[in-house]
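J.: Using the sequences and the hints given, assemble the complete structure.
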Amino acid sequence: MSGDLPRLVLVHHRAEATPETVAFVELVRSLVDGGRVAPEVVLFEGGPLAAELEGLAPTTVVADLDTRSGDALVETLLFKARLRDAGYRRRSRRLGLDRWAPGDAVYLHSVLAVQVLRYLPPDRPLVLCRLAEDVYPLRHPLRAPDVALLLRRVDHLLAVTDAGVTVLLEEHGLASERVHRVPEVFAPARGRLPDRRAEIEARRDELGIADDALVVGSFGAYEADAPDLGVLLWAMLARRRRGGRPVEMLWWYQDTGAGFWMTHDLSATGLAPGTHPVSTDQDPGPYLELCDVLVLLTREPDAPFAYLERAAQGTPILCFDINEMAPLAAEGDPRHVAPYLDLAALADELARLLDAETLTEDRDAMLAAVARAHGPAAFADLLVDLVRSRGDG
Amino acid sequence: MSASGRLLLVAPDAEDHAANRAFTALVAALVDQPGAPDVRVLVLGGGPLVAELRAVAPTTVAADLRSRDVGAVVERAVGRAGLRDAAAKVRGRRLGLAGLGPGDAVYLHDVLAVQVLRYLPAGVPVLCRVAEAAHPLHQPLSALDLDLLLERVNRFLAVTDAGIDELERTRAVDPGRIRRALEVVVAPPPADPEQVAALRSRLDLPEQALVAGVFGAAAVEIHAPCAPLAVAVRRRPDAAVVVLLLVVPEHMTDPWALHDIEHAGLADRVRVLALEGEAPPYVALCDLVVHAGWGSDHPRAYLEAAAAGVPVVCFDGHELAEVVGADEGGVVCPRLDLPALAAGVGALARSPERRAAAGASAATRALRLHRPEDAAALLVDECRAVGR
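For the protein sequence lines, the chains are A and B, in the order given.
Just so it is clear: in the first sequence, position 251 is 335 by this note's numbering, and no numbers are missing.
Just so it is clear: in the second sequence, position 278 is 1044 by this note's numbering, and no numbers are missing.
Hints listed in this document are in silico derivations from the structure and should not be mistaken for laboratory results.
No residue lacks a Cβ here, since even glycine has one placed at the ideal position from N, Cα and C.
Please note that a few of the clues may not be correct.
To be verified - Covered, in the sense of this in silico footprint (three residues per stretch, anywhere, with C-beta under 8 Å from a C-beta of chain A), are these stretches of chain B:
hint, stretch
1, 791-797
2, 948-954
To be verified - Some chain B residues flagged as far from chain A (calculated, every beta-carbon gap over 12 Å):
hint, residue
3, 912
4, 995
5, 1004
6, 1028
7, 1059
T.: Right, dumping it as structure tokens:
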């Protein structure tokens, strides 16, 4: 502990300029400002936002460790001799992760930081880990030993979606007291992200979207997502609009069965012209930025991070009432939320929106709404409460 | 098949269900054709329809072969010695297949009759009907059976575009070996009122409820939008008494159907029934049937419903629209217009007279468009084409 404050080491895999890392930076800032813990940061790699983190709290970048010091050489020799545990202990010492006082804790902002668990003693400190949104949040690029380590060593998993909770409780059989459903943490970028205008225009050209077309986007066609609903909604929308600016649909999906059916159905029903199924495992960011309206048709409660970003920028979000985005969508306009499966209501609202003079919500109001529901301060309080409730101090 | 050739039709069994009643009608139509080939029937398992088949054509039931005659003993001995090909030849002789040659033809009425291909002499042309299903060739076929089918059948007769699609794209069958076939539909026997009443009670259907049957997952579409349809129907005052009956074949699962029903608050408006056996008596429960999908299939359950005098609501561009005609046998709605589909349901729900007239027309049209005589003529043409 630093003085009387518990030490909280926050770990992130890299300080790249992404919305997730921006949220991490603001989380650290909130913890510093809160004054209830002594934050430190460990990054596996640096990046554009590393300097800002260094200005907030003591920060170590693993990739920047001296590789020629005596300690580094000993560590290398230990790994080469396959004495991995000894190597991890040496690395732990170099990173200052070998000494813990009662009440200290480690927080992983992403499962991709799992490697740090190998540098920790087996029985302390307390470990918390955020489980970001995804249909299979633990799958990522994690290997089986990493998943096993995560599930064994993390004391509290903080899932930002119901899907994450379900995966932990039902697929992995974790005790419910180790699993917490928490709101995703989000913070506005405020100029920290690269200017992607050229990239966005390039994507628009690549897809052949007409210059004057409004773009309706739907993202994340995992198994829960509903290509059948998308096709029906699109057909209903076409019937409701007579004239006005052309509208095109962008359906971003991963390579799953749902994605296959989407492209099949669009083609089989003659709706393909003016629609753009985009299958990619890359960053959906530029495609999201293309969209004037976002529709979330998933059958499961979901609150994709990307939708929070866009909501904060005033992009209207339409969804069903079962969806976790519904309260935020309704902040823009209560009509944006339709009863589950009432496609006619959704199509009516989408048509109204697309024919309206302005398509953008009150940006300040939406930003405030996103901040209320997903601000870093609330997440910071949650972390601190979990750390201090351990009661070892 | 030559002009004097024999045509052997093979079915997996003779159980009394709609597909087999259609098969029996097909056999009878073949026999009655002018210039008919010499028609014989082989059913692998027995069943109540054997007598009807025997009344129209010589029929062998493989399951009735004696197990203790000389042929059976030889077959077992040869099989136990590991001489499978020889055992198959013995079995073929016992089934009367040994005399078949290139001038004859064998027609499998179902892929489940694939076993008989092991007993056929080489060089006998084989045609095989591929019935409607999401994946028509999947069925309970083993990989070996599937390979045998794909290798040995000269012409596949698919009753749906989905079947053609699976054969061409998934199984890489040469399009020259595939034809679109006509499904045979016959009028079903009258429903047992007591059975219908018992089913209605079991489903807890209110007395005044009108039942709209949706045979969703029998069709090609994985995501037949039954729950969105139910929501659209619920919005309509003229459909207030309509309950959707979603009948799901047991080999297909639609994990989202139950989820949707629960989360959209549809428990009072939708009943989900696992299909055990054939569509009736579920069809007998229905005041109308609704096909909410947009695939290119021709679901048998809907054809049977139409043949039984139940009006049909569907999208235009779907093959069922032929049965409905210009709104004679039900209602044809603009493609993918779900509110229009719900309005079609409402229109039939509020008028018993319209339902009765549409049902009668649906029956006439379904039986006329799917006559066994027409299917028989097509089959003979195909047999002769394959034999050339």
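J.: Now, for every hint given, state plainly whether the structure supports it.
T.: Okay, the hints, checked on the actual structure:
1. 791-797: violated (count 0)
2. 948-954: violated (count 0)
3. 912: 21 Å, holds
4. 995: Violated, because the least Cβ-Cβ distance between residue 995/B and chain A comes to about 9 Å, which does not exceed 12 Å.
5. 1004: It holds; residue 1004/B is separated from chain A by about 16 Å at its closest Cβ, greater than 12 Å.
6. 1028: Residue 1028/B not clear of chain A: closest Cβ-Cβ about 10 Å, inside 12 Å.
7. 1059: 9 Å, violated
The structure fails hints 1, 2, 4, 6 and 7 (numbered hints given earlier, in ascending order).
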